[in-house]
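Peer 1: Take a look at the letters that make up each chain.
There are 4 protein chains.
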Amino acid sequence: MSYNSFGHMLRVTTFGESHGPALGCVVDGCPPLIPISEEEIQVFMDKRRPGQSRFTTQRREPDTVKILSGVFDDDTGQQVTTGTPICLMIENVDQRSKDYSQIKDKFRPGHADFTYLKKYGIRDYRGGGRQSARETAARVAAGAIARKIVPDMRVRGALVQVGEHEIDRDNWDWDEVDRNPFFCPDAEAAAVWEPYLDHIRKSGSSCGAIIEVVVDGVPAGLGAPIYAKLDQDLASALMSINAVKGVEIGAGFKAAGLSGAENADEMRMEDGQPIFLSNHAGGILGGISTGQEIISRFVVKPTSSILTPRQTVDKFGNDTDIITKGRHDPCVGIRAVPIGEAMAALVVVDHYLLHRGQMGEK
Amino acid sequence: MSYNSFGHMLRVTTFGESHGPALGCVVDGCPPLIPISEEEIQVFMDKRRPGQSRFTTQRREPDTVKILSGVFDDDTGQQVTTGTPICLMIENVDQRSKDYSQIKDKFRPGHADFTYLKKYGIRDYRGGGRQSARETAARVAAGAIARKIVPDMRVRGALVQVGEHEIDRDNWDWDEVDRNPFFCPDAEAAAVWEPYLDHIRKSGSSCGAIIEVVVDGVPAGLGAPIYAKLDQDLASALMSINAVKGVEIGAGFKAAGLSGAENADEMRMEDGQPIFLSNHAGGILGGISTGQEIISRFVVKPTSSILTPRQTVDKFGNDTDIITKGRHDPCVGIRAVPIGEAMAALVVVDHYLLHRGQMGEK
Amino acid sequence: MSYNSFGHMLRVTTFGESHGPALGCVVDGCPPLIPISEEEIQVFMDKRRPGQSRFTTQRREPDTVKILSGVFDDDTGQQVTTGTPICLMIENVDQRSKDYSQIKDKFRPGHADFTYLKKYGIRDYRGGGRQSARETAARVAAGAIARKIVPDMRVRGALVQVGEHEIDRDNWDWDEVDRNPFFCPDAEAAAVWEPYLDHIRKSGSSCGAIIEVVVDGVPAGLGAPIYAKLDQDLASALMSINAVKGVEIGAGFKAAGLSGAENADEMRMEDGQPIFLSNHAGGILGGISTGQEIISRFVVKPTSSILTPRQTVDKFGNDTDIITKGRHDPCVGIRAVPIGEAMAALVVVDHYLLHRGQMGEK
Amino acid sequence: MSYNSFGHMLRVTTFGESHGPALGCVVDGCPPLIPISEEEIQVFMDKRRPGQSRFTTQRREPDTVKILSGVFDDDTGQQVTTGTPICLMIENVDQRSKDYSQIKDKFRPGHADFTYLKKYGIRDYRGGGRQSARETAARVAAGAIARKIVPDMRVRGALVQVGEHEIDRDNWDWDEVDRNPFFCPDAEAAAVWEPYLDHIRKSGSSCGAIIEVVVDGVPAGLGAPIYAKLDQDLASALMSINAVKGVEIGAGFKAAGLSGAENADEMRMEDGQPIFLSNHAGGILGGISTGQEIISRFVVKPTSSILTPRQTVDKFGNDTDIITKGRHDPCVGIRAVPIGEAMAALVVVDHYLLHRGQMGEK
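Residue numbers (the numbering used here), protein chains in the order written: chain A, 18 to 379; chain B, 18 to 379; chain C, 18 to 379; chain D, 18 to 379.
Only chain A is shown next, with the shape it has when bound in the complex (with noise of 0.2 Å):
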């Protein structure tokens, strides 16, 4: 069972509210010796933090990880991972005393106060509560850890449209992504979204994105078919992250237009290895790897907390309008790209250990 947790041998269990004490989580099935920070993951945390630019929500939360257990002193001095659950904690202080009257009752549209209620009989409305996608921050520094177990594996992630405006493929620089605010590897595209998402933020308005995420240094044969499948699994990591609505491996959603001789990725050998002349596939078939890159995409809704007045209903069965004032962000698909790195990192990580459990090394 699996309410608040995932992964198979090395599982992440998340807890907390946005505005509770505090939230983090469990890492539990990491292998010892894994030398880790809290200055080390603190790195991935500053990519998601909020009020990075003025294009992110201005909350202001340090996101200050702190490491409870699991991880001690080796006989150098380092510190590395223990073999024992990792309980990584984030204080929440921008729980600004607010005025919820506003929200207290209210189904704000495109949110999930209304399913919260109905499922749960109660809810916790102040910032969203568990909804709220400051749980995320509990991934990246789940992630931040899953990026050191593999040797060679590299994640890397990118927002590839914002809108209806995708970036052009050709002009794709890995270098690009961290010189914008927007994690957009074309240099051009980010020069057109600057002053569309400002447009977008000044009306109030929000915009949707998808964001691609490759792993590269994978080696082949992890991923376990029939249930376990990497790509499903994928799917799963990708589609529980906040507002995501679809989920695509390699080719995706454009293989239902090619041919099977253009889709299928044929073979040669080279300097005495397999490869292949192609990557429709998305480094994965049969539900486990091919030795090429990962290619996950994913689309993120626009948020539904914008400043045109939207109708909707209270819990008293009332109809009412609502605006959601407050800090939010324009576009949080920008937001989602180290959430979908951490997330796609976990998934490897997980398939790495359980490969190497009913395998053994190779």
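Treat the hints as calculated values from the structure; they're not laboratory data.
Any given hint might turn out to be false.
All copies of an identical chain are treated as equivalent in the list; a pair is satisfied when it fits inside any one copy or across any two copies.
Keeping only pairs whose Cα atoms sit at most 27 Å apart, straight-line, the calculated DSSO-like set for lysine-lysine is [what the hints assert, rightly or not]:
hint : residue 1 : residue 2
1    : Lys342    : Lys332
2    : Lys271    : Lys219
3    : Lys83     : Lys121
4    : Lys219    : Lys64
Based on the hints, put chains B, C and D in the right spot on chain A.
Peer 2: Just chains B, C and D now, kept in the frame of chain A:
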């Protein structure tokens, strides 16, 4: 852990290879006293069964399902579930003693031949072994039981795109789905697809497709955030189907291009009940059902079993070519419709039981 | 979740009723390339099989096991596992069309008739249905595969107490176990048990027993604290066997009466290796194997199927009496020996794979 | 998978080391709207807390529990669960900056020092790190919540044997349990134990103990055969407690010496309800609760932390001796009583939810 099992409380474990003695599944956790018979299951088996029209593979498998356990006569003599595991077995009969020398040592592009061998060091090459889409027969059998558990739940699927030919949603007619060999809800589209697929079939080529599955009669409140979200589990289940490369819920990838005002479904009271004025969310908010139709879509890549010679390598490290002769589907997406329905049914029922466990009945 | 499955990485799911068409199991997660055949499994089936001596039930079941999946010829033509799920099926043949009117509506004391009906609202009363010890045939089949996975692992069981008659541990001789119909390692005790059990059998009574299972050849380091401790999983596996009412490891309940100095196993170096000077711990410290013999013991209650009339009630709420006629075991503990071995083998192998996953091979 | 988690639907994950910053747990799957406060949990923490009498370790830990998530005010202002994960944290305060040179490199006999190092290649030697019984504080905290979920369920534990001194069951008085420092239900036995344990304590020795846990108010029908039997899960949960070497249910190991007629609990109708005339089964038949008291017993070995020098080796491969100085329990079994209660409560509640999921409410 779940190599070959899925589900939280209604748990399905499948077994079997394409050309072994039998395949099947164990359905565990089914509530007792659900009336079920082999005949009822067979109805759905026949929808997925190959050889139903010239547009699906001509392999002749009766796909006769046998119930080995978990069902007994109630006091009235009706066959019902007993709450113990239900084993469903389908014997393989059309295992022509075929010449496998063409595929035994070569990796078919777009198939999992290479990855299975890389992972396991051995593979059952007869008909694809465990990678074969024959495994999905077990899913359909399990799904036939799932359909009977949640009162009022109805699961319907349709093919909405073949190659680049989409349906016109204004023509949508559920009754039409049973009138053509494509599970197509749009009679005009079906008329276009027929010659298109004949052309594909005769040229030994193949094309991809998009399937939509709609579940109605689902109460609000099902789904278990954060890591067993209803949409997450749907994505996982649908992505586990052979050849699926993408999954989306509600507006899906189109949500990227919408504004927050367009995308968020507004609410109003109607006859004393809260209703939604649209369904971009696809019936799921924050991972929990809203009570609306649950709408999912998945893309099936074109089968790689085609008559055009393709470049590949063999397991000895030689460059070679391959043609996949024999009986194949020009568009495997057609037969994916009942499979997608089965998976959606299993996921929703699983969450129905899970919800009832945590919450009790209301 | 696990109604009818157990194990973390080597996962066994069983199905089937005593008098249905077949019972069996799916073994999932088995490493590939393990040589296995129906004949090898049958050896262990025959040890558990009823009707082997006058001290076990005379029900005549050949218990012939069929492999339905997961096994294929390797390059040398030897049958080996492929890493995919192995379905093992045992058809029920001795399902005499018996008169069930005596037990159909009455609750046999000491049996699960009452609790199954209370839980499920229905029960398959033929031979006890799913509650029958016939289910353990599937465990023995799965265990036969498990025995082949860990190099050097050896699993041996013995009956160490029948009724109140214990063995003398000074007489322990493993070779003796195969020379008497009781799996007794003490020839003198066996000589006492024979007339004792004849008396029990002839008087239509029954007695309990204690079984000891010893696993050697297990490397130090297996076990996953805190909640998948090796001893915990052994306790769980052994307690899941029908009629088991207690489990202990090493010194077990006798540890209550020992002092800390007596109980703790001291260590010394020998030939450059750390060794223990005793084994009160039963080969497990902190839930992790020490490298010594793993020693577990479990108690099997006397079967409640006896010829003495007993007071009970029927499902209509009437007081009544019942005699269990038919073919039964005077001491079900005898046939529990190969079952206990199978469960211990499965648990240790599961932890071997789990350890290998988290740690890699050393 | 479950390294540091247990439970099917009510799932507890613990984290933390003896001398790290904090330990605690995440309780996931708790039904919403259960009233709970830190004060209520603290009552049970205090029962387990060290330093309560001269018979338990003098380590001074306040064991103050903090609720980090999952609890919110209901409409009346009362603190209740929300259905989201509840994180309970206990900060470690008495982590004397101690000299660990004595135990840093030596393996304490009877402790898990050797096995943790063998497994992980590193161990946190401060106070035993993760192997420390301090971890059980998290279990007691989780158990305090579990006690509130099943209406009418009552969980009570008692010490029934210390060293070789058993209680006289004819003297059993539950009220007596709170009147002596041993949780002993027999005043006469307690009077014997006091000087006995004083002697043990003063001589720097230790002794084992047996604890009995009784749960009443449990409806018939809980338990999930075959592999999540109620007794199996109890055995697993109790065996996971540090230093436990055996578990039994009902008549337990004594069942070996009973006849089938003696052991099977007969039934009669009383006031229109079926009742049992005895309870050798310990309230569980076929893995399912009968509605009677659920009776379990477990043995705790004598702590190996004693003042007598013991032979051991160090991690460099040298023979050496060790004395465990410092603050320890002469009989750790005493403090195991509230821990056993907590584990039993968690198991029964888990099955209550599981049953409700599969069956619905009746």
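Peer 1: Does the structure break any of the earlier hints, and which numbers would those be?
Peer 2: none
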